[in-house]
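With chain A held as given, fit chain B onto it using these hints.
Protein chains: 2
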Amino acid sequence: MKLLKEKIEAEGKVLSDSVLKVDAFLNQQVDPVLMQQLGREFAQRFSADNITKVLTLESSGIAPALMAALQLGVPLLFARKKKSVTMTDNCYSSTVYSFTKKEANDITIDKKFIKANDRILIVDDFMANGEAALGLIDIVEQAGARVSGIGIVIEKSFQPGGAKIRSAGYQVESLVKIASLENNTVQFADDDEAQSTKQLALKN
Amino acid sequence: MKLLKEKIEAEGKVLSDSVLKVDAFLNQQVDPVLMQQLGREFAQRFSADNITKVLTLESSGIAPALMAALQLGVPLLFARKKKSVTMTDNCYSSTVYSFTKKEANDITIDKKFIKANDRILIVDDFMANGEAALGLIDIVEQAGARVSGIGIVIEKSFQPGGAKIRSAGYQVESLVKIASLENNTVQFADDDEAQSTKQLALKN
Chain A
12 MKLLKEKIEA EGKVLSDSVL KVDAFLNQQV DPVLMQQLGR EFAQRFSADN ITKVLTLESS
72 GIAPALMAAL QLGVPLLFAR KKKSVTMTDN CYSSTVYSFT KKEANDITID KKFIKANDRI
132 LIVDDFMANG EAALGLIDIV EQAGARVSGI GIVIEKSFQP GGAKIRSAGY QVESLVKIAS
192 LENNTVQFAD DDEAQSTKQL ALKN
Chain B
12 MKLLKEKIEA EGKVLSDSVL KVDAFLNQQV DPVLMQQLGR EFAQRFSADN ITKVLTLESS
72 GIAPALMAAL QLGVPLLFAR KKKSVTMTDN CYSSTVYSFT KKEANDITID KKFIKANDRI
132 LIVDDFMANG EAALGLIDIV EQAGARVSGI GIVIEKSFQP GGAKIRSAGY QVESLVKIAS
192 LENNTVQFAD DDEAQSTKQL ALKN
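Going down the list, the sequences are from chains A and B.
Using this note's numbering, you'd call the opening residue of the first sequence number 12 and step up by one each time.
Using this note's numbering, you'd call the opening residue of the second sequence number 12 and step up by one each time.
Just chain A, same shape as in the assembly (with noise of 0.2 Å):
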């Protein structure tokens, strides 16, 4: 996506050769048109599928999550990395490691809000090793639904998250792939660009 590729390229900072900063428009300070337009492209890679609800986990994939989930028109769903109280004996939970944060989390959802004809679009905003997905996976599974895809704004695809889940069988559609920060240069996948001269011929 050209124009997220940009919005990277103007403002955000390699912190180191697998650390991206992009808190400047999605992860402290949000540009919420451009999560309008991330939200459409989601919605749009995915109309085939017949989403039933968008599926995060807080708190930075709720902004293009939930432009993803008005764009399909259902219910955005984010899971919380903090059991509450009230919900422990009523919730699916899975554990996800932060690599970058070096702690585990258990992340939950209240039963009630995923059934077994729902058909779930996962939306996350990185895609490093892939933990934060595969607990959101094993999340829609417990509740015996259908994960339709995972839809995410910037993968990491020197680290192995994403190989990971789409030789599991997933769909997994990435806004951008950045290949490398060596260097403190972003260095953006090859099928990307193939994707954007795809996409600019489309258009021509």
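You may find that some hints are simply not true.
One copy or two, either will do: identical chains are not told apart, so a pair holds if it fits within one copy or between any two.
Said to hold, decoys possible - Simulated crosslink set (DSS-like; lysine-lysine; CA at most 30 Å straight-line):
{"hint": "1", "residue 1": "Lys92", "residue 2": "Lys32"}
{"hint": "2", "residue 1": "Lys126", "residue 2": "Lys16"}
{"hint": "3", "residue 1": "Lys122", "residue 2": "Lys92"}
{"hint": "4", "residue 1": "Lys93", "residue 2": "Lys112"}
{"hint": "5", "residue 1": "Lys122", "residue 2": "Lys93"}
{"hint": "6", "residue 1": "Lys113", "residue 2": "Lys13"}
{"hint": "7", "residue 1": "Lys126", "residue 2": "Lys113"}
{"hint": "8", "residue 1": "Lys92", "residue 2": "Lys13"}
{"hint": "9", "residue 1": "Lys24", "residue 2": "Lys92"}
{"hint": "10", "residue 1": "Lys112", "residue 2": "Lys122"}
{"hint": "11", "residue 1": "Lys175", "residue 2": "Lys126"}
None of these hints come from the bench; they were simulated from the model.
Coordinates of chain B only, in the frame set by chain A:
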């Protein structure tokens, strides 16, 4: 706001004399179309204030605040409840005590996102004791910026937050005010009814 009252009446659950659960459309499952309508209402109520940024606190404030920011054509900022290791030295922070969770959180925001000439609209899902709003006001004022107002989705006006913050001179706009949750019943505040009637009168 009539629509929101109807939603609370239909889907809210009174858990105790002080706790209203609205996880069906705001706090875990989120109704994107309703959020859009709340955003429009906030934007309308603060349309004369030349707002430059909307500020909220993760996580439940993000959805209505994002829609308000979209409508106002300005960025959204969300304060975090956990300090990120990378931002410790360069952030505004304030301590917020949660009466429901019985814990204090340091809320933080990177200094680069609030400038002295900013005019900030604070948006949050609930107002009870006012702790979160006071923490966000504190952060804005540390930056030397102006708090243009506080937009609240649901104010529990039987708790002291709203009165405290209004008497300190801030404009607080609550989309609904709840006077009581006693006897397992949601009792809306009278002035809210009066306002609905006034709005109705203006439309006719």
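Evaluated hints:
no., hint, in the structure
1, Lys92 with Lys32, "both (21 Å within a copy, 18 Å between copies)"
2, Lys126 with Lys16, "between (36 Å within a copy, 27 Å between copies)"
3, Lys122 with Lys92, "both (15 Å within a copy, 26 Å between copies)"
4, Lys93 with Lys112, "both (15 Å within a copy, 11 Å between copies)"
5, Lys122 with Lys93, "both (15 Å within a copy, 27 Å between copies)"
6, Lys113 with Lys13, "neither (32 Å within a copy, 46 Å between copies)"
7, Lys126 with Lys113, "neither (32 Å within a copy, 33 Å between copies)"
8, Lys92 with Lys13, "neither (32 Å within a copy, 33 Å between copies)"
9, Lys24 with Lys92, "both (26 Å within a copy, 22 Å between copies)"
10, Lys112 with Lys122, "both (28 Å within a copy, 22 Å between copies)"
11, Lys175 with Lys126, "within (26 Å within a copy, 43 Å between copies)"
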